Amino acid sequence: MKNKLTNIELLLLDVDGVLTDGSITYSDSGEQIKSFNSRDGLGLRLLMDSGIKVGIITGRKSKALEYRCKNLGIALLFDGIKDKSMALEKIVAQTRIAANNIAFVGDDLIDLPVIKRVGVSFCVSDASLDVQIHSDIITNQKGGQGAVREICETILKAKGLWDSILEKYLS
1 MKNKLTNIEL LLLDVDGVLT DGSITYSDSG EQIKSFNSRD GLGLRLLMDS GIKVGIITGR
61 KSKALEYRCK NLGIALLFDG IKDKSMALEK IVAQTRIAAN NIAFVGDDLI DLPVIKRVGV
121 SFCVSDASLD VQIHSDIITN QKGGQGAVRE ICETILKAKG LWDSILEKYL S
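Heads up, the sequence shown is in our numbering, so the first residue is 1 and it goes up one at a time.
Calculated from the structure, these hints are not laboratory results. Since we're looking at a predicted model, the values are computed, not measured. Every residue, glycine too, gets a C-beta built ideally from N, C-alpha and C.
Restricting the straight-line Cα-Cα distance to at most 30 Å, the calculated cross-link-like pairs of lysine-lysine (DSSO-like) are:
{"no.": "1", "residue 1": "Lys157", "residue 2": "Lys142"}
{"no.": "2", "residue 1": "Lys53", "residue 2": "Lys63"}
{"no.": "3", "residue 1": "Lys4", "residue 2": "Lys142"}
{"no.": "4", "residue 1": "Lys116", "residue 2": "Lys34"}
{"no.": "5", "residue 1": "Lys63", "residue 2": "Lys34"}
{"no.": "6", "residue 1": "Lys90", "residue 2": "Lys159"}
Ranges of calculated distance between the beta carbons of each label pair, as one might list FRET restraints:
{"no.": "7", "residue 1": "Glu89", "residue 2": "Asp130", "range": "18 to 26 Å"}
{"no.": "8", "residue 1": "Gly73", "residue 2": "Asp163", "range": "22 to 30 Å"}
{"no.": "9", "residue 1": "Ile33", "residue 2": "Lys4", "range": "31 to 39 Å"}
{"no.": "10", "residue 1": "Glu31", "residue 2": "Ala98", "range": "33 to 41 Å"}
{"no.": "11", "residue 1": "Gln94", "residue 2": "Lys2", "range": "23 to 31 Å"}
{"no.": "12", "residue 1": "Ser38", "residue 2": "Lys4", "range": "23 to 31 Å"}
{"no.": "13", "residue 1": "Tyr26", "residue 2": "Leu166", "range": "35 to 43 Å"}
{"no.": "14", "residue 1": "Tyr67", "residue 2": "Ser171", "range": "27 to 35 Å"}
{"no.": "15", "residue 1": "Lys168", "residue 2": "Asn140", "range": "18 to 26 Å"}
{"no.": "16", "residue 1": "Ala93", "residue 2": "Leu42", "range": "24 to 32 Å"}
{"no.": "17", "residue 1": "Leu170", "residue 2": "Lys2", "range": "21 to 29 Å"}
{"no.": "18", "residue 1": "Tyr26", "residue 2": "Lys157", "range": "37 to 45 Å"}
{"no.": "19", "residue 1": "Leu42", "residue 2": "Gln132", "range": "21 to 29 Å"}
Full structure from sequences and hints, please.
Pasting the structure below:
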């Protein structure tokens, strides 16, 4: 698996259940409220600063996600998507990155078409059993609780980039 991880040029993520714990909270005005993990955010920034692109494919639209992507510098956002496989095709065409050089993180059945088509598929530890069965790597952490950070570190370590990142913080 390490060889496949070294070829990753783009990490694609689902949102609900991956970047969040899957809870959907509504305010009294009907606005969606999402909670994101700050360590996941740092992991994504470290990945992007190392030259690995990051994108989102999610079935829901929300202003909270738009703000989070803007804050992290993620421009590749496909939200409100019902057919994630078609979104993957568009991303491959747009980025010119082959599917086998893409990693994807999912947690539920809607993610399976992408999980089956990318070079490396991850799922969070609390993903549905069917998603776990079809994923290459299952995280130790749950969605919204550091799973994305774990994935970022896994990719950076496989590419031999983690030690130099860590050294910046130690010196």
